[in-house]
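Number of protein chains: 2
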Amino acid sequence: MSLLVVGSVAFDSIRTPHGQADEILGGAATYFSVAASWFTPVRVVAVVGEDFGDRHLRVFTDRAIDTAGLERAPGKTFRWRGEYKGDMNEAHTLETHLNVFEQFAPKIPETYRASEYVFLGNIDPVLQLHVRQQLPQARLVALDSMNYWIQGKHSDLLSTLATVDVLVINEGEAKMLSGHSNLRRAAEAVRKMGPRILVVKRGEHGANLFTEGSVFAAPGLPLDEVQDPTGAGDTFAGGFMGHLAKTGDLSEANLRRAVIYGSVMASFAVEEFGLGRLLRLNSQLIADRFREFKNLAHFDA
Amino acid sequence: MSLLVVGSVAFDSIRTPHGQADEILGGAATYFSVAASWFTPVRVVAVVGEDFGDRHLRVFTDRAIDTAGLERAPGKTFRWRGEYKGDMNEAHTLETHLNVFEQFAPKIPETYRASEYVFLGNIDPVLQLHVRQQLPQARLVALDSMNYWIQGKHSDLLSTLATVDVLVINEGEAKMLSGHSNLRRAAEAVRKMGPRILVVKRGEHGANLFTEGSVFAAPGLPLDEVQDPTGAGDTFAGGFMGHLAKTGDLSEANLRRAVIYGSVMASFAVEEFGLGRLLRLNSQLIADRFREFKNLAHFDA
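Quick mapping for you: the protein sequence lines, in order, are chains A and B. So the first sequence is residues 1 to 301, counted in this note's numbering. So the second sequence is residues 1001 to 1301, counted in this note's numbering.
Same shape as in the complex, but just chain A:
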């Protein structure tokens, strides 16, 4: 089924202990849509500048991602420069140039209006709500946010949260949003704000899924080498929502599988800089890694 994502497209300059890359295609909407495109057709709503060329566009169109909602604006594309040190658990932002993203006002093309699965990437919660309201037929709406909005636009974020089904968020952000340092209490409080499904991303430690009366823990897959964690969270969200949109099944069992598919895609993403690994996949590799997660987590009673 149709999956729509709203978010950023950026050029990232990244340094990690394993190397560096300059001005490579990135951004939340990019990672999300490329990851999700392995599961289901994806529609993207984002803004890019005049420096966004045909070769960048082809990254989307080669994956059959619908770019009718990719707006071109006068000026330069969003740029981010960051660095990861040591165990690479945290990105240190060195430079952010919002450029055309600063005035981003998401426009939903007519052809996108009937989208059933929606991911509201990490943008101003006022814009997220605006998008949400233009998609009345959505069956499942998921949202990402960050500490910047949790602190700076708290009441707007609460208004938006009240209209969504799923929140996909980092552990630290879930705790900040709820004011609880205990994860189970934080999850309970966040679910009362609106989203009946809460996915807590824990980086290399995996992810938790909180639903009514149930908790699921997806493990982190120990990898031989993590080259670049950039985009892992959005890639996770892409695998998660992609699987749900593909199957149309919102049962607890399938939500759990979706968390694993999210983990599978994120585990690929971090193995190379940028989108590299996500563009060279196939359904067999994805199925094999899903089985690796199953072997990793399995024990008999």
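Where hints are given, some of them may not hold.
Unchecked claim - Partial list, computed: chain A residues near chain B (C-beta under 10 Å):
| no. | residue |
| --- | --- |
| 1 | Ser181 |
| 2 | Asn208 |
| 3 | Leu285 |
Claimed, not checked - Interface residues of chain A toward chain B, partial, derived using beta-carbon atoms under 7 Å:
| no. | residue |
| --- | --- |
| 4 | Lys153 |
| 5 | Gly179 |
| 6 | Leu183 |
| 7 | Met193 |
| 8 | His205 |
| 9 | Val215 |
| 10 | Ala217 |
| 11 | Pro219 |
| 12 | Pro222 |
| 13 | Asp224 |
| 14 | Arg256 |
| 15 | Arg257 |
| 16 | Lys294 |
| 17 | Leu296 |
| 18 | Phe299 |
| 19 | Asp300 |
For the record, the hints were derived by calculation from the structure and aren't laboratory data. Note that this is a predicted model, so its numbers are computed, not measured. Where is the CB? At the ideal position from N, CA and C, for every residue including glycine.
Given chain A, put chain B in place with the hints provided.
Frame of chain A; chain B shown alone:
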């Protein structure tokens, strides 16, 4: 089957965001043996001072723990004072008084010599090796250590490691011991030092089991309240070794179950200060929580 533990018995003074406790019975050998006593008969080798009274001894004897190896020495029992702040992931040591523990020279009673399952708690690796050599009939020997010995007695620790089957250690210690910041590479390097079975404790994030050609991830159970993390690692080891000694089964499937039993016992331990929760258990509660871990980790392919 018989399970022997060598380690510390201490009086702990603990402050956490949830309260405090003064001079309560603790120490690695205490937590380990109480946890393991729910699975199998336990024998303890440790030293206590003149201030160790009958009511302290009864904690062991009420759990049918064999205290023939509990030496009484002139002086005071080992004392530790520590504090946990914020998310309680790390203990801040405020005071350590080794007292009688400073001269601890573990003596293995004749009746303990045929012990088949052995846990060498976190003490000087020279002493650990000395104990190891007195237990030639051991079928499975596990060892704990810490950064103090990894840095200060590296070559002694390597000599001891070469003689054991299992290393149970924290994630940071595994990385320090191996010199690798990547967990999978660290595990590979540590297993080459001797222990064919490596258990990496990750606190609230769970635990990993590394064996030949296999990795297992046990989830951390999100708890409503963590009162006091003291002794969680030794309690984990007690559940892990207790289950193995009880079943005598060293298959991969049973090693994974043992990691879950370790996690089960640790999850109880942290719910109250000191040994409180570990002393009020029964086999039904343990089985119920094992099932909770199963529900937490389960997903269908």
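Against the structure, the hints:
1. Ser181: Given a least distance of 6 Å, the restraint on serine 181 of chain A holds.
2. Asn208: holds (7 Å)
3. Leu285: violated (16 Å)
4. Lys153: With a closest approach of 26 Å, the lysine 153 of chain A hint is violated.
5. Gly179: violated (14 Å)
6. Leu183: Constraint on leucine 183 of chain A satisfied, holds at 5 Å.
7. Met193: violated (18 Å)
8. His205: holds (4 Å)
9. Val215: Nearest chain B Cβ about 6 Å off; hint holds.
10. Ala217: holds (3 Å)
11. Pro219: holds (3 Å)
12. Pro222: OK, holds: proline 222 of chain A within 7 Å of chain B, min 4 Å.
13. Asp224: With a minimum Cβ separation of about 5 Å from chain B (threshold 7 Å), the hint on aspartate 224 of chain A holds.
14. Arg256: Arginine 256 of chain A check passes; min Cβ-Cβ to chain B is 4 Å, inside 7 Å.
15. Arg257: holds (6 Å)
16. Lys294: holds (5 Å)
17. Leu296: With Cβ-Cβ at 5 Å, under 7 Å, it holds.
18. Phe299: holds (4 Å)
19. Asp300: holds (6 Å)
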